[in-house]
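Starting from the known structure of chain Z, fit chain P onto it as the hints suggest.
There are 2 protein chains.
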Amino acid sequence: MRIALAQPNYHVGNFKYNTALTLRAIQDAEKKGAELIVFPELSVCGYPPRDLLFSDVFIRECLRQVEKIAEACRGVAAIVGSPTFNPEQNGKSLRNTAFLLQNGRIQATYHKGLMPTYDVFNEYRYFEPADTFHTIPFKGRRIGLTVCEDIWNLQNQGMYSVNPPDELFRENPDLLINISASPFAWNHGPNRLRVLSENARLYKLPLFNVNLLGGQTDLIFEGGSAVFNPQGKMMDLFPSFEEALRVYDLDEVINGRGKEIPIVPENDGKCRLMMDALVMGVRDYFRKTGLKQVILGLSGGIDSAVSLVVAEKALGKENVWAVLLPGPHSSDHSVDDAVALAENLGVRYDIISINDTVSSLEKSLSPLFKGKEPGVAEENLQARARAVILMGLSNKFGHLLLNTSNKSEAAVGYGTLYGDMCGGLSPLGDVYKTDVYGMAKVINSQQEIIPENTISKPPSAELRPDQKDSDSLPEYDVLDDILCKFLEENMDAASIEESGHDSATVRKVLRLVTGSEHKRRQSPPVLRVTAKCLGAGREMPLEASYEAIINC
Amino acid sequence: MRIALAQPNYHVGNFKYNTALTLRAIQDAEKKGAELIVFPELSVCGYPPRDLLFSDVFIRECLRQVEKIAEACRGVAAIVGSPTFNPEQNGKSLRNTAFLLQNGRIQATYHKGLMPTYDVFNEYRYFEPADTFHTIPFKGRRIGLTVCEDIWNLQNQGMYSVNPPDELFRENPDLLINISASPFAWNHGPNRLRVLSENARLYKLPLFNVNLLGGQTDLIFEGGSAVFNPQGKMMDLFPSFEEALRVYDLDEVINGRGKEIPIVPENDGKCRLMMDALVMGVRDYFRKTGLKQVILGLSGGIDSAVSLVVAEKALGKENVWAVLLPGPHSSDHSVDDAVALAENLGVRYDIISINDTVSSLEKSLSPLFKGKEPGVAEENLQARARAVILMGLSNKFGHLLLNTSNKSEAAVGYGTLYGDMCGGLSPLGDVYKTDVYGMAKVINSQQEIIPENTISKPPSAELRPDQKDSDSLPEYDVLDDILCKFLEENMDAASIEESGHDSATVRKVLRLVTGSEHKRRQSPPVLRVTAKCLGAGREMPLEASYEAIINC
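As given, the protein sequences belong to chains Z and P, one line each in that order. Residue numbering for the first sequence follows the numbering used here, beginning at 88 and increasing consecutively. Residue numbering for the second sequence follows the numbering used here, beginning at 88 and increasing consecutively.
So that you can see chain Z by itself, here it is in the shape it has in the complex (with noise of 0.2 Å):
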């Protein structure tokens, strides 16, 4: 029997391209002589739809598609997913559905057991879970079909009470197939590996796992589907980051004595991985919402710079226009550094003083400034002047501004509410500033694209004379090394201070990040590169006291 598997680029709730993907797919297959074709979990709306799912015209639109798609399936067949009603009395009103379309028609269907509620997560919030399995019957073989997470209760060890697998291992499966939609994080593919591969081994049957491809909003899906033999030998992994369909001979993947691919992370392909994630999620969130056009501000330092790239990469240099806003405390090498980068990559790019702006606001506001010191104030309206004439060329032209914010910045809340933390999507906001640095030497590594004065600078933010980032915040090693222990080891504060970090330092980062929730509220979406985003994920009181996990 010969299967393929395909990852096709969708759109949440735009039905007539998802289908015309699918269909598109299923004709391919079957040129290709396969006898089913296997699709993504809710490949039928894409994922996540989110609160589009209390919608019941969205749903009845789904099944409409289900029908549409099924009517398409006569030589080859289709495992496709949608979400369904659910006919029972009790319990949620839907069920995350997976369909299995033959001769035209549906001829079986399974749904999805355990659902994820946690971090990105919010799955109970729409569907009942499934309690019982039943293997599917198709062309002399049974296939255990499951959804995503029913497979991730491995041995039972997990956060729910059944196990899918087992259930379904009763009935004596062939093979086992499992459609996902499992959210890209740097170090999150060797994980989804390990437990395909884990359930390939631990049941003694060829795996095959479709996983969705695509940026949605916050969420990136890296695709990189995968075909596991009975040992749990990788046999083949699918390209990351771009569409794919291929074809599968079933007993040559259970005889399979095929070059075994190893599941290990690249050893230095940290920052290289997060750059194509992020052009990726770029490039998506622009197409899907129909822009074309980026502007974003050029200051010199690494993070607009960073920014500048990944949007060139994503956008292409005729869409992508750079902003320079020199102030008063801007240096010299600063516009020169930034002005080097754009013309290195041929995007257009504008001088605008800002100081004539903020020399007006000042005057305005001096009556009630009288007598008091110049401090944080007068620096925020630099920025936000900035963000006005920014956002005034947005409006004018239609560009979307980007925000050039990184995960370390945004964290301990050393950014302008309205100023700096503008911008309608965030690619840098779930990017350590070391790790901006790395992606800046990936871009660098064939010739030198970021001038060396940008990086080799100490961070400044420029908005009084001689400011560095270290004035305020600790050398950003160990402000990274502790936030990450923090935000995605999900450490305390004793525990970080006993991994090697002085105790007050430590005190005082939480306290940073604790007291600036408020701040990120109303942030851009971030793009989600980390196990732990300051976004899509993590859910802050604003006004509770976070005295007790500080002071622990």
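Since the hints were made in silico from the structure, they are not lab data. Treat the hints with caution; some may be incorrect.
Identical copies carry no separate label here, and so any pair may be met within one copy or between two of them.
[Claimed, not checked] Listed next, the in silico DSBU-like pairs over lysine-lysine satisfying Cα-Cα at most 35 Å (straight line): (1) 606 / 103; (2) 155 / 555; (3) 450 / 483; (4) 528 / 544; (5) 400 / 450; (6) 179 / 379; (7) 118 / 450; (8) 179 / 400; (9) 595 / 606; (10) 103 / 291; (11) 119 / 528.
Chain P alone, transformed into the frame defined by chain Z:
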């Protein structure tokens, strides 16, 4: 047996403060001869703690406080709520627990069985639902203790497959106690009380409910704890929006032929109720974040006028600062109306023209804007110049900027991002324009506080000559009815049309709503006062296609 109910205003994570409130109430109850005092859901840490629950330090601190409160329970016993660790290997790592504290120690525990995970609730993110339920013996009686949602699966008609009160009823309880944290919406109170009454009536048992009090970021909890006799008659109802403690004789409630309190919403109480809720919401946000003073832009229009009155009632006139920011298209009467209101309230006001700043911005942009017709970009410059000045004052003097947008304009994206959409908190963001007028009527019911002209003139953003809201939008009574049906009643476009609206208008409004999700993503927290807020409880994808639900 004498039972006390207490609804203190807790502060999430502020253990010292919360435990002091609890201990004081225990003392008070003891003095009043109570044998048992009941506190609301998760009383020990406050509700909702959200992702603070993922901190083990936080949970351990909760448990330490439970022990501390237990030590004080010598004369009187107490029921308190706290998260606890789930000792089972499978399932979520926490439970949502109610404790009976008696004789200086933990006497019994009950774990919540139904985890609301919809709208503003996200409890399955954290808590494993209990699957066994037992009554708790106390002084010769059996208590059927439940936590909030547990009693909402009435007669198994709801979204769960278990019904905890049915399970408890098998053990013949003598009374029912429900501890809850049910968030306010102007029309939710009667639902809540009817469900409580129905449970009492169904099991023929007296029922005591303690509901949480206080504002917590965007959610408002009204209190309104209540007592029902075995016929389901409401025998007492706590005040809304204030702390209280009352003591009841159980036998009197069981036999009670006291005066029944009817469960009916006040006929014309909607806007007064919203007003009271918003005043508590604003007051608590400031108090719990440690802030005292507020600043807002006063335009002479109805939204900022009502916002100012809410702020003044919440924080006192000495803590409120109104700033008038006339621009090139502001009318004289706007300034006059704003001044009159500020003087009526006795709050500080200042007048700062934005004309110079707008001119500077226009001059800076003119080389790039050359040859383009003036439009939305120029209008937004004015709104953003105001925001930068207000934020400058906020940063300099430490006043929190209050957002003054209403729900109608927020819903259709009729507002400037980083302009009038700025602010740390949005008191009117869940109040339709027509209800803002209703609130103005309530405010002026004794004497004219808001100038009549502010109420009677046609709404305008005053960003271009002779601009009126009705140039771009349907009249507000039409708009608000469509919005309410779409957002709160979850009606589809075809049904809204059938209810008596013009088809083109319905589609236009729905397209404006779905096309402005990206703006609202960056809004300040909105105090929730309706069944569906444009903030907490609504999760829409930004880059989805919404055509299918608009064109149905």
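Worksheet item: So which of those numbered hints doesn't the model satisfy?
Response: 2, 6, 7, 8, 10 and 11
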